[in-house]
Amino acid sequence: MATASLLLVAGGADAEAPKAFQFALQNGMQVVVIPDRRAPVVTQMIWFKVGGVDDPQGLSGLAHFFEHMMFRGTKKAPGDTFSQTIARNGGEDNAFTTHDYTAFYEEIAKDRLAGAMALEADRMANLDLSDKAVAPERDVVLEERRMRIDNDPQALFNEQIDAALMLSHPYGRPVIGWPEEIRHIGRAEAQDFYNHHYAPNNAILVVAGDVSVDEVRNLAQAAYAKVPARELLPRAAFAEPPRMGETRLNVSSKDAKVPLFMREYRVPSYAEAAPGQAEALETLAQLLGGDYSSTLYKRLVVEKRLATNAGASYDGYHRDAGSFTLFAYPRPGVRMDVLEHAIDAVLANAAKTKPDAKDLARAKTQLVASATYRRDSQFAMASAYGQALSIGLTVFDVRAWPDRIQQVPGDQVAKVARDNLIKRESVTAELTPASP
Amino acid sequence: MRMRALLIGAMVALAPLGAQAFGAKQLKLAKGEEVWFAEDHTLPMVALVASFPAGSSYDPPGKNGLASFAASMMDEGAANTNSRAFHDALADRAIQLSVQTDRDWTVVTLVTLSANAKDAFKLLAMALAKPRFDGDAIARVRTQMLQNLAQQDEDPSEVAAREFNRVFFGGHPYAHSTDGDPAGLNAINRIDLKNFAASHWVHGGLKIAAAGDLTAAQLADIVKATFGPLGAKQPPLPSRAARLGAPGIHVVKMDVPQPNAVFGLPGVIRSDKDFLPAYVANYILGGGGFASRLTADVREKKGLTYDISTELSDLRRAGAIEGLVATRADAMQETLDTVRETMTRFADQGPTPQELADAKTYLTGSFPRAFASNQGTASQLSAFQRAGLSVDYVAKRNGLINAITLDDVKRVAKKLFDPGKLTVVVAGTVKSK
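These protein sequence lines map, in sequence, to chains A and B.
Sequential numbering from 1 applies to the first sequence in this note's numbering.
Sequential numbering from 1001 applies to the second sequence in this note's numbering.
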């Protein structure tokens, strides 16, 4: 039973920090356990290191479509047996797909964990893809796209910005896929995708909740060890050429009722960044636009009254490039160029001088507290570890994040504003309502 | 097959789960506030949910949106602290204060690190008892709310929901949007906001649920200091909704890729003896996600939609059953026909014994998950409080669900799921194939 190739205990020194245990099965499956004994329930998540970037040319949306097919049954658990069985046992199950990873999860009573593992192990090895299931599921995905993207002028706008920001990298393709390409997905493509990406040696199992690491080790060994490793299709190492000029995008939409200004920069992700750089970008985003106490909101909304809302965010959990986004809704009657000028003045100041000590302390307090609040949710904790490991970070990185945020010096915040928020690396975009 | 046997075997263990594993107690306080508390010191944080009888059904005529407007002003400054300083004071301590308004209630959620709990409740006490309602903050929030309304006009799900409430609730105060309307928002002034807060953010009818890193004695002190100074007089409830529904199909024309439909029926209010059987029936028909008949028929078999669901809307003065579905224009007719067929069959025959058994194991087995976090616990306890239940309901709930019989559900399904009474609102277009 000595399958644990590695057991490390993240925790101990700091009684406040959550404990996370990690080991691996012999077939290559990584396992992380985060005990939380407050209620007799567990969250199981399985993260596969496959996502939208792995869609073949001309078949954008395949990874996401395939996530749906994982619910369409095996020989042992045909049709919708998977979800029906989880529901019958009081559980909730679902899944999500991003560019970098695909995750499946069940939230269920702790004495049902073995059953949930058996179901996941079964569909990891024995999925039964039939033409009968493929056609209606493709229609479901097209409806999902209409709901999430096509019906929503802001979502379409964001899709255009992402496509414009990336010159070559598949991060520029929507995870849900372009509609014409979704229509080309068939059974053969789905089967091929399954054979090359869905295997224990491409998976991270995360269990959070009312369990011990020994219980999970025994249960995982019983359920997953018998699933054989597979030869994986190596993931492409995508190049993204340097951008040689800024991109400006004007979208006029008959469906939009409210104008919107956005700018998205291509910046280093947590996986790519130099030590401290991603944390400085995270701090900068909180300072500039994390909430009503942030600089953009105070300057643009409260003082200058140019916008009704404004903010910023850093999306750094990617294998390849991350992004840094600014947005502002102009007040009725305010011209976009006036708004942009005011935003640029805020950015210029952030790049020139280090943040006010009180503001910096406030931003750090908020970020560090967010890590404590996250511990209130099994799902959020399991997601934090699963996401980090999926993009090549470690459990230590997750655990040390609050400390690293605390250590970000003020001049490093100004430095990333100077070095990383540069026009050449950005798309500046305006959404304007078209007059009917 | 082995795998299924394992799960079915494990199901025997389901019954004992329940009140022993978690729970809440009611504090006995001098002023008789209704305070439920689940103490847990695992994490250094506290979540508290306070529900005031201050929903949009209390909006005065011509001032639709007043309850929401007042709620949106709650963090915009109090006593000697202006909007900007108030936001900074919250952010300096990572205090999360959020306020939501529905048709019956204004629900205030405060999440704080226990180290900052004292300051957090001091700020909340100020916000409730001494709101400033400064002119510049009023102007800013009004513009934000008007822009939010404009943005809702882009979204067929919002448009359909708004129109559904208008036609379904007729002349009742539940008929208008919680977010108000442009005329109402523009008519609201500082005095309206001040008066509304003074008469509705009150002690009478207030319900408080808390979970996390406090002792009962600490919570009692907090409640006294935070909510004690508020007015005592509870605003009168609106009248019972007399007539519900406007059967037929109502179309709000919109040129969108995916029209949205909201459909509904008169339901039962929370205190009705048929409420729990109706809850179980709804789970089987449309509330149970992938376990529901509507998802099986409309999504899985025909691929007509990504999402279809129904829920019981247990407003204080009206019960309703409301469903949502979205599909492309040339599939809307087929989708609505399928909904009617599935509903008719369910009303005629009711659930199978297996469906009832599955519903019970889901509804009872999923219950502990609501208590897996401080925020989840506070929010579940608060929902029970607003439903008018007593604190022992937490312990009794699973037993009540297990006691429901097949005949109960059949009878209630037949009574409620009458397709002839369906009010359907579509935002978009309905085309034939």
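There could be a bad hint or two in this list.
Said to hold, decoys possible - Cross-link-like lysine-lysine pairs, in silico, DSBU-like; alpha carbons within 35 Å at most:
| hint | chain 1 | residue 1 | chain 2 | residue 2 |
| --- | --- | --- | --- | --- |
| 1 | B | K1122 | A | K298 |
| 2 | A | K254 | B | K1302 |
| 3 | B | K1301 | A | K304 |
By construction, these hints were calculated from the structure, which means they are not laboratory data.
So, going through the hints one by one against the coordinates:
no. : hint              : verdict
1   : B:K1122 to A:K298 : holds, 24 Å
2   : A:K254 to B:K1302 : holds, 31 Å
3   : B:K1301 to A:K304 : violated, 55 Å
The earlier numbered hint that this structure contradicts is number 3, and it is the only one.
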